[in-house]
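J.: Respectively, the protein sequence lines represent chains A and B. In this text, residue positions in the first sequence follow the working numbering: the first is 1, and each later residue adds one. In this text, residue positions in the second sequence follow the working numbering: the first is 1, and each later residue adds one.
These aren't lab readings, by the way, just hints derived from the structure by calculation. Computed from a predicted structure; not experimentally measured. From the three backbone atoms N, C-alpha and C, an ideal C-beta is built for every residue, glycine too. Among the clues, some could well be false.
Selected chain B positions facing chain A (in silico; Cβ < 7 Å) [to be verified]: (1) 71; (2) 72; (3) 84; (4) 91; (5) 149; (6) 152; (7) 155; (8) 156.
Listed next, the in silico SDA-like pairs over lysine to any residue satisfying Cα-Cα at most 20 Å (straight line) [stated by the list, open to error]: (9) 135/A / 149/B; (10) 135/A / 71/B; (11) 135/A / 73/B; (12) 138/A / 171/A; (13) 138/A / 93/A; (14) 135/A / 93/A; (15) 138/A / 88/A; (16) 138/A / 128/A; (17) 135/A / 69/B; (18) 138/A / 168/A; (19) 135/A / 174/A; (20) 135/A / 90/A; (21) 138/A / 169/A; (22) 138/A / 70/B; (23) 138/A / 149/B; (24) 135/A / 116/A; (25) 135/A / 70/B; (26) 138/A / 69/B; (27) 138/A / 92/A.
Listed here are the chains, written in short residue letters.
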Amino acid sequence: MNNGTTVELAEVTKRYGSTAAVDGISLALGRGVTGLLGPNGAGKTTLLRMIATVLAPDSGAVRVLGEDPGRAEGRLSIRRRLGYFPQEPGYYANLTAFAFVDYIAILKEMTGRQERHDEVTRVLTQVGLDDVMHKRIKALSGGMRRRVILAQALLGRPELLVLDEPASGLDPEQRLRFRETVSAVAEHHTVLLSTHQTDDVSALCQRVVVMDRGRVLHDGAPDALVDHARGHVWVATAPDPGARVSWRTSSGEYRLIGDPPPGAELVTPALEDAYLLLLGRNTSAADGPVPTPGRA
Amino acid sequence: MTVEQTWHADADVLAAYVAGRLGRATAASLEAHLLACASCRAGIAPFAPSEQLAGNLAVLHSRIDAPPAPRTERFLQRLGLPERITRLLVVTPSARLAWLIAVAGAMAAAVIAADVSGSSQRATFAFLVGAPLVPLGVVTATFATRSDPAREVVIATPTPGFDLLLVRVVAVLVPAVVLTLLAALVVPGQGGEGALWLLPALGLATATLALASWIPVRAVSGVLGTAWVAAAMVSVRRAPRTDLIEHYIAFRPAGQAVMVAITLAAAAVVVLRRDAFDLIDAGRTQ
Numbered sequence: 001m002n003n004g005t006t007v008e009l010a011e012v013t014k015r016y017g018s019t020a021a022v023d024g025i026s027l028a029l030g031r032g033v034t035g036l037l038g039p040n041g042a043g044k045t046t047l048l049r050m051i052a053t054v055l056a057p058d059s060g061a062v063r064v065l066g067e068d069p070g071r072a073e074g075r076l077s078i079r080r081r082l083g084y085f086p087q088e089p090g091y092y093a094n095l096t097a098f099a100f101v102d103y104i105a106i107l108k109e110m111t112g113r114q115e116r117h118d119e120v121t122r123v124l125t126q127v128g129l130d131d132v133m134h135k136r137i138k139a140l141s142g143g144m145r146r147r148v149i150l151a152q153a154l155l156g157r158p159e160l161l162v163l164d165e166p167a168s169g170l171d172p173e174q175r176l177r178f179r180e181t182v183s184a185v186a187e188h189h190t191v192l193l194s195t196h197q198t199d200d201v202s203a204l205c206q207r208v209v210v211m212d213r214g215r216v217l218h219d220g221a222p223d224a225l226v227d228h229a230r231g232h233v234w235v236a237t238a239p240d241p242g243a244r245v246s247w248r249t250s251s252g253e254y255r256l257i258g259d260p261p262p263g264a265e266l267v268t269p270a271l272e273d274a275y276l277l278l279l280g281r282n283t284s285a286a287d288g289p290v291p292t293p294g295r296a
Numbered sequence: 001m002t003v004e005q006t007w008h009a010d011a012d013v014l015a016a017y018v019a020g021r022l023g024r025a026t027a028a029s030l031e032a033h034l035l036a037c038a039s040c041r042a043g044i045a046p047f048a049p050s051e052q053l054a055g056n057l058a059v060l061h062s063r064i065d066a067p068p069a070p071r072t073e074r075f076l077q078r079l080g081l082p083e084r085i086t087r088l089l090v091v092t093p094s095a096r097l098a099w100l101i102a103v104a105g106a107m108a109a110a111v112i113a114a115d116v117s118g119s120s121q122r123a124t125f126a127f128l129v130g131a132p133l134v135p136l137g138v139v140t141a142t143f144a145t146r147s148d149p150a151r152e153v154v155i156a157t158p159t160p161g162f163d164l165l166l167v168r169v170v171a172v173l174v175p176a177v178v179l180t181l182l183a184a185l186v187v188p189g190q191g192g193e194g195a196l197w198l199l200p201a202l203g204l205a206t207a208t209l210a211l212a213s214w215i216p217v218r219a220v221s222g223v224l225g226t227a228w229v230a231a232a233m234v235s236v237r238r239a240p241r242t243d244l245i246e247h248y249i250a251f252r253p254a255g256q257a258v259m260v261a262i263t264l265a266a267a268a269v270v271v272l273r274r275d276a277f278d279l280i281d282a283g284r285t286q
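Chain A on its own, in the form it takes in the complex:
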């Protein structure tokens, strides 16, 4: 593994029956925030689960923080330095937020009671739950519950933070706070963030990986993905059957993505446009070679 590489995947495949959830993916990730974008069923969660050591690949090599998660010792070493926010985290609803995070801290080998309690308080304060930390989880809102899970992931200042759709259900203020928290961690460590929110990727990520059907469609800087969409986004007063994606905006005009007709009024693309364009092309070419416009 190269210096600075935290997560390295080589030809990793995971199948469920005849479906390849992850299909021969190779990636190398380092410090900072990497965003993982893709539609439902793209394989994002399966990929993150393998990186988080809770799922073994069928084939290929995975190395995380310099260790092999396929070996018990390697897995233990990784888990000591890992923070994980699963897609469907689950809670013990009758516990208070404090007791739940404290329990996870116990499992994370924080044995000194007072130091552990101080760390639990720190992470709950960091996610803005200091006022409600002694309320039962079942009495908290959905956004607060997700912040409880984020708090447990932050325990012990992990070197690798794997977050699977952590921001869904958060209100705008909570989302801003979430971004602050994640960017602070990413200053020194690696954060891998799966999301459906392209604005989170634009705001947080130095790198974006777009997945669909178990494969990587794009791997690079968000700006590189946006560049690829230049000349492919336009506005018009009516929908165009030639557009791959189109929708009516609040101004009453249509925003269209695809191959514009001659004389179309081109506009500057956003990351979301580029993402939709990429997915649209992949859908069109479902049975043929997958285009990889974002790759060098």
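Given the coordinates of chain A, work out where chain B should sit on it, guided by the hints.
T.: Structure of chain B alone, referenced to chain A:
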């Protein structure tokens, strides 16, 4: 009563105090002054690291407001169990479900065993066949993925999944066995035969654990439990009512020896396959 102060600390002194650079005597003098001087208290605020103070305040509130551990957890700690085990036992719903099955199963076994008014031999046989199903149910409930909603968070921690499982299984299996043994003892007419279920119970429970490292636990326990009961029914089909126990090989010395062998072999498999309990999908479905 407010006393007008005749002197005020200058900014350098206040900054040195916050930074911990004042000598002990000077710091003590300043602290006494700060208690009485609102002006200096206001003056010290800009030097105080607000983020650190907010953190300290949160810790302070947390220590004051933290509710005591649940009664059950405190009781278990008084018995000498470490906190990581007591918390594990108290918080996880799967453990509570398994406890419930243990108690309900033992009570059911007692009811079966108590039905001695008609045929003592028949009731005892029914008890001996039914009692091993209690630990089997307990192991299955302990293992069940859906009973632990936070399983994916838990499994990604450094505490090995095998250790967690073992603690839970032992914690519920021991009371289940003890309760069922007591059920046999308190009912008249059981005699020494009342413990013949114990080795089959251990064999079934450990075999379930071993096979569950490859196959979903509910399928394993369903097949083994059904096979156990079916074998008992078939073997005593033509046996006289007064000689049922002797006709089921599992309750004869040879059968008991086989159960010991199964228990030991299954325990060895569980240990060898311990890594399989460390992943979310290894041999087990939701």
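J.: Taking 20 Å as the top limit, are the C-alpha atoms of residue 135/A and residue 93/A close enough?
T.: holds (10 Å)
J.: Hold the hint about residue 91/B up to the distance rule: shortest CB distance to chain A must be less than 7 Å.
T.: holds (5 Å)
J.: Could you grab the alpha-carbon distance between residue 138/A and residue 93/A and see if it respects the 20 Å cut-off?
T.: holds (5 Å)
J.: With a cut-off of 20 Å on the C-alpha distance, tell me whether residue 138/A and residue 88/A pass.
T.: Distance of about 16 Å is within 20 Å: holds.
J.: Given the hinted pair residue 135/A and residue 73/B, is their Cα-Cα distance within 20 Å?
T.: Status holds; Cα separation ~19 Å.
J.: Assess, step by step, whether the Cα of residue 138/A is no farther than 20 Å from the Cα of residue 69/B, and give holds or violated.
T.: holds (18 Å)
J.: Within a Cα-Cα threshold of 20 Å, do residue 138/A and residue 70/B meet the stated pairing?
T.: holds (17 Å)
J.: Hey, does the residue 84/B contact hint survive, CB to chain A under 7 Å?
T.: holds (5 Å)
J.: Holds or violated: is the Cβ of residue 155/B closer than 7 Å to a Cβ in chain A?
T.: At 5 Å from the nearest chain A Cβ, residue 155/B passes the 7 Å test, so the hint holds.
J.: Below or equal to 20 Å on CA atoms is what counts here, so check residue 138/A against residue 92/A.
T.: Status holds; Cα separation ~8 Å.
J.: Is the hinted pair residue 135/A and residue 116/A satisfied, with a Cα-Cα distance of at most 20 Å?
T.: holds (19 Å)
J.: Are the Cα atoms of residue 138/A and residue 168/A separated by 20 Å or less?
T.: holds (18 Å)
Figure legend: structure checked against the earlier numbered hints; hints not met, in rising order: 1 and 2.
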